[in-house]
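Just so you know, the sequences run in chain order A and B. FYI, in numbering that gives the first Met the number 0 the residues of the first sequence are 0 to 286. FYI, in numbering that gives the first Met the number 0 the residues of the second sequence are 0 to 236.
One thing to keep in mind: the hints can contain errors.
[Stated by the list, open to error] 25 angstroms max Cα-Cα, derived SDA-like pairs, lysine to any residue:
hint, chain 1, residue 1, chain 2, residue 2
1, B, Lys193, B, Leu170
2, B, Lys152, A, Asp258
3, B, Lys152, A, Gly180
4, A, Lys259, A, Pro237
5, B, Lys179, B, Ala197
6, B, Lys173, B, Asn191
7, B, Lys152, A, Lys259
8, B, Lys173, B, Ala211
9, B, Lys193, B, Arg150
10, B, Lys152, B, Phe229
11, B, Lys193, B, Tyr10
12, B, Lys152, A, Ala174
It is worth saying that the hints were derived from the structure and are not from the lab.
Chain by chain, the residues run as shown.
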Amino acid sequence: MYYVELLLVGLIWGCTYAMMALGLTLVYGLLRILHVAQATVFTLGAYIGLLAANHTGSLAAAFVTGALAAGALGPLIYRLVYQPILDRPPFVALVASIGVLVAMEDGFRLLFGPYGLSFENNVWFTTTYSFAGMTVNLVQVWMVVAAVLLLSAFAVFATRTRAGVAWRATVSDPAMAESFGISVTGVRYVNFLIASVLAGVAGVLVGLLNNLVEPGMGGVIAYKGLAIIVLGGLGSVPGTLAASLVLGVVESYGTVFLDKLLDRDAIAFLFLIVVLMIRPHGLLGAR
Amino acid sequence: MLELRGFGCGYGLVQAVEGLDLVVRGGEITALLGPNGAGKTSTIMAIAGHVETHAGTIEFLGEDITRLAPAERTRRGIALAPEGRRIFPDLTVAENLLVGGYTHAAAEAARAEESVLTLFPRLRERLRQHAGSLSGGEQQMLAIGRALMARPKLLMVDELSLGLMPAMVDLCFKALLELKRQGIGVLLVEQNTKRALAAADRVVVLVSGRTAYAADGEQARRDPDMVESFLGLKEMT
Chain A
0 MYYVELLLVG LIWGCTYAMM ALGLTLVYGL LRILHVAQAT VFTLGAYIGL
50 LAANHTGSLA AAFVTGALAA GALGPLIYRL VYQPILDRPP FVALVASIGV
100 LVAMEDGFRL LFGPYGLSFE NNVWFTTTYS FAGMTVNLVQ VWMVVAAVLL
150 LSAFAVFATR TRAGVAWRAT VSDPAMAESF GISVTGVRYV NFLIASVLAG
200 VAGVLVGLLN NLVEPGMGGV IAYKGLAIIV LGGLGSVPGT LAASLVLGVV
250 ESYGTVFLDK LLDRDAIAFL FLIVVLMIRP HGLLGAR
Chain B
0 MLELRGFGCG YGLVQAVEGL DLVVRGGEIT ALLGPNGAGK TSTIMAIAGH
50 VETHAGTIEF LGEDITRLAP AERTRRGIAL APEGRRIFPD LTVAENLLVG
100 GYTHAAAEAA RAEESVLTLF PRLRERLRQH AGSLSGGEQQ MLAIGRALMA
150 RPKLLMVDEL SLGLMPAMVD LCFKALLELK RQGIGVLLVE QNTKRALAAA
200 DRVVVLVSGR TAYAADGEQA RRDPDMVESF LGLKEMT
């Protein structure tokens with residue numbers, strides 16, 4: 000039973016990784032930029048969600064405001080940082096992205112203090128459910144529900160709407176897509192909006208689960224997100240989702256069996272190295 | 000319908016085509032022939048707005064479109080089935096067509112799709128299939144169909160028959176003749192000279208970016224050896 004519970008906990012984390020990593024894959028797929036600054040979008044979502052929850056006591060308010068704030072910041076980063084340097088080699092954008100992350104981290108420190116904030120009354124963390132000998136809290140339940148809902152909504156958008164089809168066409172061949180009258184700039188904004196809302200919701204959830212929101216909380220998960228999108232075969236949405244769940248589970252078992260050697264966060268990168276040695280194009284990579 | 004005068008185009012400082020005069024009329028097929036690297040694709044891509052025009056003018060329906068953005072040219076009625084077809088492989092056939100008709104309202108796009116599927120019944124059978132899984136001939140039909148979704152007045156096709164089985168080439172040429180009958184002007188780049196000459200109303204042969212031969216279809220069919228001799232130039236130089 001213990002091992003089943005580890006599997007469950009791993010999948011729960013995997014869902015959260017998926018929300019974070021999907022955005023990185025979307026940005027990479029469209030612009031070939033490694034969007035490290037996604038971490039700052041995640042952290043802003045967590046802060047705003049925490050402020051809203053402490054102010055109103057409502058989880059819904061935390062999700063909505065966190066998502067809105069994140070959804071505003073991501074497209075803004077695109078407009079102010081990436082768009083002016085799109086014709087430069089991708090590593091220029093990567094360096095700029097790291098710059099945004101570092102600057103924003105200090106911004107959070109100045110604005111909200113260096114030690115982080117906690118939820119005043121985190122009833123969602125203390126509300127637990129037991130079934131089949133396992134116990135999960137409400138935050139963990141929401142991690143799964145939010146991931147399933149948002150990722151399903153994304154799938155519907157991508158395959159069932161005109162805008163979604165236009166977005167996929169643009170990812171595949173921007174010049175051709177634009178010649179048919181699709182606004183490539185519009186597609187980029189939508190892309191950052193989707194990526195950022197997912198990251199913002201993930202930020203709120205991770206803040207709740209740790210009962211702590213601090214300036215550097217995005218760093219580790221963003222670097223893990225980069226490991227995930229490489230594992231998934233850069234630019235592949237199904238690969239990203241699979242790699243997120245697999246990494247969650249590997250970490251979950253790893254913390255038990257390798258805890259004398261490595262901490263949880265090192266496992267992600269050890270796993271990345273091992274997988275890339277065996278499958279250089281990622282878990283589901285084609286070539 | 001389309002008229003290039005003293006047209007020159009290229010990439011940066013590299014001049015691909017110089018001093019080209021070319022006309023396409025509605026309901027006619029103009030064949031642009033020439034050896035590899037002569038500048039045929041550059042010309043077509045410049046008319047579509049993807050390659051920079053350095054000299055001369057491109058006039059379409061009496062208006063100068065030399066400086067317009069690609070999407071604006073599509074809106075005015077210029078459609079392109081480009082070299083290598085460049086369909087969206089991860090999208091289904093239906094989705095590729097949707098993108099082709101993106102500038103039109105749903106009702107108009109539905110009518111355009113119906114006429115494309117009438118022209119290429121094979122695509123109707125493959126609507127839910129990923130475009131990347133189609134055969135070469137079907138992909139070419141899709142590239143032409145996607146271009147037609149914009150309800151163009153001028154259709155440009157780059158290398159219609161390249162890599163296709165003869166039966167598929169027949170189908171595609173039949174479709175072009177049908178479009179011509181509907182009054183659409185066609186600009187065709189083609190390496191299969193015999194096929195192109197048989198269908199063309201006008202023929203222009205480009206060699207190293209310059210016009211080596213220009214005639215109406217009738218005359219070009221009378222001296223096919225002349226046309227062929229220009230196409231052979233590449234091997235001699």
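- Message: Please verify whether Lys259(A) and Pro237(A) have alpha carbons no more than 25 angstroms apart.
- Response: violated, 33 angstroms
- Hint consistency between Lys193(B) and Leu170(B) [alpha-carbon to alpha-carbon, up to 25 angstroms]: holds, 16 angstroms
- Are the Cα atoms of Lys173(B) and Ala211(B) separated by 25 angstroms or less? violated, 28 angstroms
- Message: Can you confirm whether the C-alpha distance between Lys152(B) and Phe229(B) stays at or below 25 angstroms?
- Response: Answer violated: Lys152(B) to Phe229(B) is near 30 angstroms, above 25 angstroms.
- Message: Can you confirm whether the C-alpha distance between Lys152(B) and Asp258(A) stays at or below 25 angstroms?
- Response: violated, 69 angstroms
- Message: Would the hint linking Lys152(B) and Gly180(A) be met if the CA-CA limit is 25 angstroms?
- Response: holds, 17 angstroms
- Restraint status (C-alpha distance of Lys152(B) to Ala174(A) at most 25 angstroms): Satisfied, since the Cα-Cα distance of roughly 21 angstroms is no more than 25 angstroms.
- Decide if the proposed pair is consistent with the structure: Lys193(B) and Tyr10(B), CA atoms, cutoff 25 angstroms inclusive. Not OK: Lys193(B) and Tyr10(B) at ~31 angstroms, beyond 25 angstroms, violated.
- Has the given pair, Lys193(B) with Arg150(B), been kept, meaning a C-alpha gap of at most 25 angstroms? Between Lys193(B) and Arg150(B) the Cα gap is close to 29 angstroms, so the pair fails against 25 angstroms, i.e. violated.
- Given pair status - Ala197(B), Lys179(B), alpha carbons within 25 angstroms: Judged against 25 angstroms, a Cα distance of about 14 angstroms means the pair holds.
- Task: Take the C-alpha atoms of Lys173(B) and Asn191(B), compute the straight-line distance between them, and say whether it is at most 25 angstroms.
- Result: The given pair, whose Cα atoms are some 15 angstroms apart, holds under the 25 angstroms limit.
- Message: So if I understand the rule, the pair passes when the alpha-carbon distance is 25 angstroms or less; does Lys152(B) with Lys259(A) pass?
- Response: violated, 72 angstroms
The structure is inconsistent with the numbered hints 2, 4, 7, 8, 9, 10 and 11, although it conforms to all the rest.
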